[in-house]
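Participant: Chains as they are written, first to last, in my numbering: chain A, 1 to 72; chain B, 1 to 221; chain C, 1 to 240.
Keep in mind that the hints are not guaranteed to be accurate.
Some chain C residues judged to face chain B by a derived CB distance under 8 Å, without partners named [said to hold, decoys possible]:
#, residue
1, 76
2, 113
3, 136
4, 172
Some residues of chain C that are not near chain B, with every Cβ distance over 10 Å (derived) [as the list claims (entries may be wrong)]:
#, residue
5, 6
6, 19
7, 28
8, 65
9, 112
10, 134
11, 153
12, 161
13, 216
14, 226
FYI, nobody ran anything at the bench for these hints, they're computed from the structure. Cβ atoms here follow ideal geometry from the backbone N, Cα and C, with glycine treated the same way.
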Amino acid sequence: MTEIAAFFDMGGYAAFVWPSLGLTLVIMLGLLLQTLRQLRVRQRRLADLEAQGAQRFRRQPGAQTSTTGRQS
Amino acid sequence: MSGLVLIVGRDLRLALRQSADAWLAVLFFVLTGALFPFGIGPEPSLLKLIAPGVIWVVALLAVLLSLERLFLADYEDGSLEQLLLSPLPLELAILGKVLAHWLTTGLPLIAAAPLLAVLFNMDMAGLGVLLLAMLLGTPILSLIGAIGAALTLGARRGGVLIPLLVLPLYIPALIFGVGATDAALAGLSARPDLMLLAALLLVMLVITPLAGAAALRQALE
Amino acid sequence: MHRFANPARFTRIADRVLPFVAVAALASLGIGFYLALFVAPGDYQQGESVRIMYVHVPSAWMAMFIYVAIAVASAVALVWRHPLADLAAKASAPIGAGFAFLTLATGSLWGRPMWGTWWEWDGRLTSMLILFFLYLGHIALMHAFEDQQRGYRAAAVLALVGVINIPIIKFSVDWWSTLHQPASVLRLDGPTIHASMLWPLLITALGFKLYYLVLVLLRIKSELIAARLRALDLAKLSAT
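Could you build all of it, start to finish, from the sequences and the hints given here?
Facilitator: In structure tokens, the structure reads:
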């Protein structure tokens, strides 16, 4: 028990060592989670758009040709 | 070479026609410098101590103010594209623009610096070195600033972006500029700092035309 | 169309490599942190606070490494117009900024018991602060344009200017801090380091590097999808 307490006390530097490690974990995990979430959101949007595009292409195959004048 | 003279001449004429801009930079320089005694108290020994640092930092900010306009007018009225098509290398044209910018902001700031030195009760023994350091240092500020100005052409919030890009790169010039003056005031040799400033000036004279040209080309692509 | 020439191949390779790199990253981070917390000895001068070193120093290494990586990617992007290089630069910058911030924060937490202040204008920390600002400028410029291609180009030029200036900044800050500080000030991480501390440090650093690799692969993948989404949006816009 005292050994564990001594470990967590970090020789009196607990208030500095643990926040350092904690912050490291928070930032590294945070970046990872943000990346994964963004990836997932984009993958979902792409899947939606591609499904939509395929549908529209089937319904009106001439849609691509009537695009003149819209590019700028 | 004559093309370069033409650019500098044209920019100078334009600047003289709007000489209010140069005056505003000088006014900003003196006014902001004069705020410090209100902030920290009028203690002469303290003011004397911080004089070189304050003069340099305020000069840096004054240069920063004028950077956005460096290429913006030419970008908007299309003369930048003509510059790109002209036989004069874009790198040289940029040096011309920077020279014109320095003549209309850096040089007036140097002229106004003795006034701030007096207001801050600075030891006049250091004035010569301060002016010499500014003579070497303010062109560096224009050169680095030109890169920032060229990179932010056409950007959203370009004006706010320039300080973020440019200020970190200004730090070496600030360090050596203040270092030279502090050394002279302490009775030491200002030579090492001045030499380093000169070296920095040479480095930026190479980097700015290259980076600036790359930035302008991609802005006009 | 050169722009989207090989995203499929990149994604395929990335998907194959990612699990291995992720496992390796997790393992080396786990072993590294275990060694750092339980095995490595305390410092005879700094006591247990020296354990902050095992996150502080790898973070600092990563912050510098990633900036150089961005500069290399930028050079490749500008010279060969390789589209993946642009994406790699864009994907790396936030990670580098994160590590720079982490270096500053842990340096401050380490400095408090060692120096007695949260912030000391120590040469290394000051340089890291400037590097952090360089990262922020790069990220801001990358996102400052309507046209993403212009963001790539401008940020690439900025990264190259930055990487040339970093040695100059480092030198000037060292010059300045030795001028203004007594030499007796305790430095973060001394010149010599005992093997019992070096190994945990190196393993943790390896874990950080692998973590970066995982993250940058994921982010490039994500950016590729974003580019495809932009292209589809554009096509949809011109189709209606």
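Participant: Tell me if residue 76/C is really an interface residue toward chain B, meaning its C-beta lies closer than 8 Å to one of theirs.
Facilitator: violated (14 Å)
Participant: Against chain B, with CB atoms and a cut of 8 Å, does the hint on residue 172/C hold up?
Facilitator: For residue 172/C, the interface hint holds, since the closest Cβ of chain B sits about 4 Å away, which is under 8 Å.
Participant: Taking the closest Cβ pair, is residue 136/C under 8 Å from chain B?
Facilitator: holds (6 Å)
Participant: Against chain B, does residue 161/C hold up as non-interface, every C-beta pair farther apart than 10 Å?
Facilitator: violated (5 Å)
Participant: Per the stated criterion, does the least C-beta distance between residue 65/C and chain B lie above 10 Å, as a non-interface residue requires?
Facilitator: Residue 65/C is indeed farther than 10 Å from all Cβ atoms of chain B, at 19 Å.
Participant: Against chain B, does residue 216/C keep a CB gap of more than 10 Å to every residue?
Facilitator: holds (24 Å)
Participant: Find the nearest Cβ of chain B to the Cβ of residue 153/C and say whether that gap is larger than 10 Å.
Facilitator: Given a closest Cβ separation of 4 Å, the condition is violated.
Participant: With d taken as the least Cβ-Cβ distance between residue 19/C and chain B, does d exceed 10 Å?
Facilitator: The claim stands: residue 19/C keeps its Cβ more than 10 Å from every Cβ of chain B (closest is about 38 Å).
Participant: Compute the least Cβ-Cβ separation between residue 134/C and chain B, then decide whether it is above 10 Å.
Facilitator: violated (5 Å)
Participant: Evaluate the condition: distance from the CB of residue 6/C to the nearest CB of chain B exceeds 10 Å.
Facilitator: Non-interface label stands for residue 6/C: nearest chain B Cβ at 23 Å, farther than 10 Å.
Participant: Once the shortest beta carbon distance from residue 113/C to chain B is found, is it less than 8 Å?
Facilitator: This interface hint is violated because 29 Å lies over the 8 Å limit.
Participant: If I take the minimum Cβ distance from residue 226/C to any residue of chain B, is it greater than 10 Å?
Facilitator: Non-interface label stands for residue 226/C: nearest chain B Cβ at 18 Å, farther than 10 Å.
The structure shown violates the earlier hints numbered 1, 2, 10, 11, 12.
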